[in-house]
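**Student:** Residue-level listing of the chains:
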Amino acid sequence: DLTVKASVGETCASTCDCLTNVFKKQGIIAEEDHISNLPDDCLLEILKLCDHDDLDELSCISQRLYAITIQSRKHAVKERWNMLVKQFRPNGDRSKEEVTWSSVYCVGRQRKRADIEDWKRYVRCFG
Amino acid sequence: PNVKLVTSDNEEFVVDFRIAKMSVTVSRLMEAMNMSETDDASLLSNSIPLPNVTKAVMARVIEWCEKHKNDEPKEEKENDKRGRTTHVVSDWDKEFLKNDEFGRLCQLMGAANYLEIKGLFNDISQTIANMIHGKKSDEIAEMFNIHCDLTEAEKKEIRKKTAWCED
Chain W
1 DLTVKASVGE
11 TCASTCDCLT
21 NVFKKQGIIA
31 EEDHISNLPD
41 DCLLEILKLC
51 DHDDLDELSC
61 ISQRLYAITI
71 QSRKHAVKER
81 WNMLVKQFRP
91 NGDRSKEEVT
101 WSSVYCVGRQ
111 RKRADIEDWK
121 RYVRCFG
Chain R
1 PNVKLVTSDN
11 EEFVVDFRIA
21 KMSVTVSRLM
31 EAMNMSETDD
41 ASLLSNSIPL
51 PNVTKAVMAR
61 VIEWCEKHKN
71 DEPKEEKEND
81 KRGRTTHVVS
91 DWDKEFLKND
101 EFGRLCQLMG
111 AANYLEIKGL
121 FNDISQTIAN
131 MIHGKKSDEI
141 AEMFNIHCDL
151 TEAEKKEIRK
161 KTAWCED
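Protein chains in written order, with UniProt numbering: chain W, 1 to 127; chain R, 1 to 167.
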């Protein structure tokens, strides 16, 4: 029995360690702040209506908001620029090279056209 | 026919059956208590307890419902060119929510969520999203009254993770 308890205790401790190691300070759930009283579902609904720039700003406000912005990004994942593959029209003249939007792919996934404005921002600094 | 709703601070609101029906939660409770539009006795003898809603918030919710009781059920959504989804908030709703400070909007949103009134919930979430849009993180923190529990190093790390490559 003791061994079982010990091992259970151990896993708990290590999980806690993992969680506390993510952030240095202890998370605050303050009564007086307005969003702490809102359940995550409500916040998620709000964040669904925000764009990437807003989410970027929200993510560095608090631990809770950081966690929720990650969840809400699922709807339009912001990929790393080095995951993009840029393709050129095969005319050989690199000075006239042009990205054809239909040919911009993310490895393993093609983004929706609605996100093309975001894509342009990525690709502008590419190559 | 009228329905009695009782808030957390024991305030009784008597509302039209149709208005009560706009809340999915209330509508479900009425079903569970065998209250029906045609059975006046059941409506008179029962009241619906709403322990998560206060008097002040309930009054606002009812005001919104009164205005929207004849609306067709609809979900208006628009996508702008950056892929940001927005709900269409009517002029009346904008005016209705305009004077609420942020804390009260959150209370109202909590109530709309609990009562499951989709239209009101969408209006408020869009209003809050509009308040956030285009603001810097410290402005948002001030608006939300949030005490930052991230260290400077963690903030920097998050900024690095989410940075656009042209920045």
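These are computed hints drawn from the structure, not numbers from a lab.
Note that CB positions come from ideal geometry on N, CA and C, so glycine has one too.
You may find that some hints are simply not true.
What the hints assert, rightly or not - Simulated crosslink set (DSS-like; lysine-lysine; CA at most 30 Å straight-line):
1. W:Lys48 - R:Lys21
2. R:Lys136 - R:Lys21
3. R:Lys4 - W:Lys48
4. R:Lys118 - R:Lys156
5. R:Lys94 - W:Lys48
As the list claims (entries may be wrong) - Which residues of chain R face chain W? A few of them, derived with a C-beta cut under 7 Å, are:
6. Ala32
7. Ala56
8. Cys106
9. Ser137
10. Ala141
Stated by the list, open to error - Chain R is faced by these chain W residues, among others (derived, beta-carbon under 8 Å):
11. Pro39
12. Asp40
13. Asp41
14. Cys42
15. Asp56
16. Leu58
17. Cys60
18. Ser62
19. Gln63
20. Ile68
**Student:** For each hint given before, does the structure comply? Return the numbers of the non-compliant ones in rising order.
**Tutor:** 2, 3, 4, 6, 7, 12 and 20
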